[in-house]
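S.K.: Chains as they are written, first to last, in my numbering: chain A, 1 to 253; chain B, 1001 to 1325.
Among the hints, a few may not be true.
Stated by the list, open to error - Quick list of in silico lysine to any residue cross-link-like pairs, SDA-like style, CA-CA up to 20 Å:
1) B:Lys1273 with B:Leu1285
2) B:Lys1259 with A:Ile54
3) A:Lys123 with B:Arg1137
4) B:Lys1259 with B:Ile1222
5) B:Lys1325 with A:Ile54
These aren't lab readings, by the way, just hints derived from the structure by calculation.
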Amino acid sequence: MDYTLRELMAIIAAREIKNGDIVFCGTGISMVAAMAAKHMNAPESIIFFETGAIDSALEEIPMAVADPRVMYCAASNGGLLDAFATMQNPITGERVIGILGAAQIDKFGNMNSTSIGDYYRPKTRFSGSGGACDVASFVPRYIIFMQHEKRKFPKKVDYLTSPGYLDGNGGRERAGLMSGGPSAVVTNLAMMRFDEKTKEMYLAHYYPGISPQKILDNMEFSVDISKATEAAPPTASELKILREVVDPQRIIL
Amino acid sequence: MDVRADKVMSLSEAVKTYVKDGSHISIGGFTVNRNPMAAVYEMIRQGIKNLHVYAHSNGTGVDELVGGGCVGEIEIAYGGNGRAAPTCIRFKQAIQKGTIVHEDYSNYQMSLRFHAGAMGVPFLPTRSSLGTDIVNRWGFSKEMRKKNPKIPNSKLIEMENPFDGWANCRKVVLVPAITPDVTIIHVQKADQQGTCRIQGLQFCDADQAKAARNVIVTCEQIVDSAELRTDPEYNQIPFIHVSAVVPVPFGAYPSSCYKHYDYDPTQLSDFAKAAKDDGAFKAYLDKFVYGVKDHQGLLDLVGKDRLAKIKADPRTGYATGLDRK
Chain A
1 MDYTLRELMA IIAAREIKNG DIVFCGTGIS MVAAMAAKHM NAPESIIFFE
51 TGAIDSALEE IPMAVADPRV MYCAASNGGL LDAFATMQNP ITGERVIGIL
101 GAAQIDKFGN MNSTSIGDYY RPKTRFSGSG GACDVASFVP RYIIFMQHEK
151 RKFPKKVDYL TSPGYLDGNG GRERAGLMSG GPSAVVTNLA MMRFDEKTKE
201 MYLAHYYPGI SPQKILDNME FSVDISKATE AAPPTASELK ILREVVDPQR
251 IIL
Chain B
1001 MDVRADKVMS LSEAVKTYVK DGSHISIGGF TVNRNPMAAV YEMIRQGIKN
1051 LHVYAHSNGT GVDELVGGGC VGEIEIAYGG NGRAAPTCIR FKQAIQKGTI
1101 VHEDYSNYQM SLRFHAGAMG VPFLPTRSSL GTDIVNRWGF SKEMRKKNPK
1151 IPNSKLIEME NPFDGWANCR KVVLVPAITP DVTIIHVQKA DQQGTCRIQG
1201 LQFCDADQAK AARNVIVTCE QIVDSAELRT DPEYNQIPFI HVSAVVPVPF
1251 GAYPSSCYKH YDYDPTQLSD FAKAAKDDGA FKAYLDKFVY GVKDHQGLLD
1301 LVGKDRLAKI KADPRTGYAT GLDRK
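Only chain B is shown next, with the shape it has when bound in the complex (with noise of 0.2 Å):
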């Protein structure tokens, strides 16, 4: 592929072309904000099974792919999201019934791992969980790791500073390289060949994407690439590790996009409260997923008066004043 090219496409296809069943993926964003809800809904309607997900602690997009059943094993650090739902409720769920397997980390440590694999070196030391069960149990099986080669035969390993305890650290935990299959990102403003400007918490986003082999940025508006190289100092990814650019306003809705506009706390605890039972949790996917053709169906059965309400106020970048209860 000719990496200056325009990479412009629907959702629909992006996610055809580079998310397959079984494909090792990680999402942007963090909780309630900017997470790439609409290319998440896709992923659901188009019925992808078995992935394998990469979460520090992707809230909202996660829960909702473990619940539409996309998800077969997931590495993940934290499964909550905020006052809705402090632990994740399909993600409690599915890991309760063993319906999905999982391996536990700690923030940083998958913040190094997916840095790791951007940078293209095989682990980091860290001085994180020395002691802890995160070192000592394992969620995936000695056999399990063997079979695919795309985990490796670790969880992590703990080593003595080979520096002779340099820097005051006699001990280290050393956390594998993540390379996703495929990563998605929803970022505010990108250019047509993929170059991306995140305003507000970058979170973990740009070592995901680099870290990855497709990226597919979702983001609220396609500006020129003039506009973005006017300050290019404010762009964290280049469009060299980007495979497709789909513009979709409010594709972080239900979560936030700082600026444009905050999470909606009505779509965040009707989901939580349908997630507690199989049955409510249907209709609402039938409803918000399954029931309509792409984000701006889902954004229709909301309504622009919620939208309105959950709109940023250009002082602050979020919904000032707006009910959270």
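So here's chain A without its partners, still in its complex pose (with noise of 0.2 Å):
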């Protein structure tokens, strides 16, 4: 079966969206992998946007979560107060799956988008954080997109703009913030998930073709590869939602 990394990026995070779930979800691969979700394992799951827009049409794919494309036929058009409250209220917050990327990841899930080198005249700038410092705070689990290079899992990130587990099992609690945090994290190489105890980062499953020594290779820190299985390829009905369903124009893919 012929797929590209960036569709079976799209595909390892949908299947972890359960039925049921609310899904915050961001603009690119993101929205393609909350979409996807709602025609394969998650069909009563709901997408929201921090814009303020919960359980929209969708019948093209936005390409920012302020495309009109969120607005029709929505459930409630809101603002960014409403959809931050989403994740909040305890009733629904505890529902709220978050889809998330970065430039770069620390062991423990702490991500930085914001810049590389001094805060204020950085080597690189970022877009900052948007909603995903506020996301990352409050809800119970979060998905996080990447790729998968030496610079991006850095032992250190240039600037915490977005907590994971701070540092490591308790961290959450001692700076006051909700439980929760990552769960996992997935790559162009290979999916990784938060040991319970230490919370540090583990290679869960490894891509077909990919060795778990590439992916080591391609990390500042290192990972425990003990546990690791080769991730499900995609099935013929999973390319065929991507490809046909969610994104027939490719905009994003």
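Each chain sits in its own coordinate frame; assemble them with the hints.
M.R.: In structure tokens form, the structure reads like this:
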């Protein structure tokens, strides 16, 4: 079965979404994953956006979370305060799964989407938090999309924009954050999870044709690879959903 | 000013009257949607300098304002603009070169800060950003804060929950209120006094407007008050907050305006291409901003065909099937 890595990443993330989840979704591949899940394993999942739209029809794939495509046929079109309330409200909040991305991530899932180098005169400036820090602060579990490169998996992030497990087990609670945190990191080589006791990242699945060593070679810190198994490749029906239903114009994929 | 007065005026007069060098401003909209672009271009054309900008995620407008040399300081959550520019390009360059002073927040924090300003409270609490560099690293120094009475003395303050852990919460971050000198928003409909009807997502527009000393509203269409008052529950901003009303069809172009027009992928990507190079960007500004008298001039350059392509489908509110590659 022929498929691209981006397609595989979207499907791996989509499989993480449970039926009935309320999915917080950003732009790009996270939107593809959330939309795919609705047609695969989680038909009753509900997608919402930080801009305030909830359960939009999504007849066409939005290019940004403020795209008018998220407004069409939504249950309600509110504002940012509504969206972040959905995450914190104890009734709806516990069903929320977030999908985020970042420029850097450390072994405890702390993310940088702000800048590389000196904060005041950075070598590279990125977009900044947007709603990412809020989502990472509030929701019980979230998936992180990353490109697997050494500089993107540093021992320490240059700027801690969005909290993972901070300094490890109990770190969030010590800082006063809501419990929760990242549940999976989906990259172009592998899927990682976090150890229940130490909250350190470990290799859960490597993609077909990718060795665990290659994954380690693309990270500055080391992770446990002893529990790793090969990821199940996309099925024909999963690919059909991605290509024909979710993103037929191939805007994201 | 009589708040019931007819506030309709030209865009050039509205900007001249309410936006000065060094003004603290916010603009409405979010990334590719309902940015008050006609007003942004007018500020660039008038050569306004040293603005202090408060932004959650106002992609298109913020990048043009920075690129147009209008911005001195910025408090921002997100400088990105969808697919055309995952990080706003002139914004990125300005920070890397140190030509603007910046301070980072999250979207929820910026929303709460506008909300606090609109409510008239000094700060609001949130649990967002505990343990992060958003709390720990200030963009504005203590000295800069002390010198400027419009900037609070601290960025963010952590506090123990004074209600003894009530609501299962031990600690909060206090975010200070924002009260801009002027907020500029673009809406679908307004009456001559300034009552506004926004269709689709509201983002933070109403709080941004209510937090500001002066508000400039640009709109697709001026309608009779009687029409808006037939269904007042669909109006978000009453006229008492508004200083100027300016009818500007396609006033959010090249960002979208729900139920009127989509974003223009061609213009957004042409802007992104030009923004990467100083010479090309100057040519872009010369052509689309300095080279035209007003927003209609820019729309004439773009041409009727392109505008027809992004016209909203009445069923969906956007241009169904628009080629967005």
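S.K.: A separate judgement is required for each hint: does it hold in the structure or not?
M.R.: Here's how the hints hold up against the structure:
Between Lys1273 of chain B and Leu1285 of chain B the CA atoms are separated by roughly 13 Å; this keeps the pair inside 20 Å, and the hint holds. This hinted pair checks out: Lys1259 of chain B and Ile54 of chain A have alpha carbons roughly 18 Å apart, not beyond 20 Å. With a C-alpha separation of about 17 Å, the suggested pairing of Lys123 of chain A with Arg1137 of chain B holds against the 20 Å cut-off. As the CA atoms of Lys1259 of chain B and Ile1222 of chain B are separated by approximately 16 Å, the hinted pair is consistent with the 20 Å bound.
Distance hint between Lys1325 of chain B and Ile54 of chain A is unfulfilled; the C-alpha atoms sit about 26 Å from each other, more than 20 Å.
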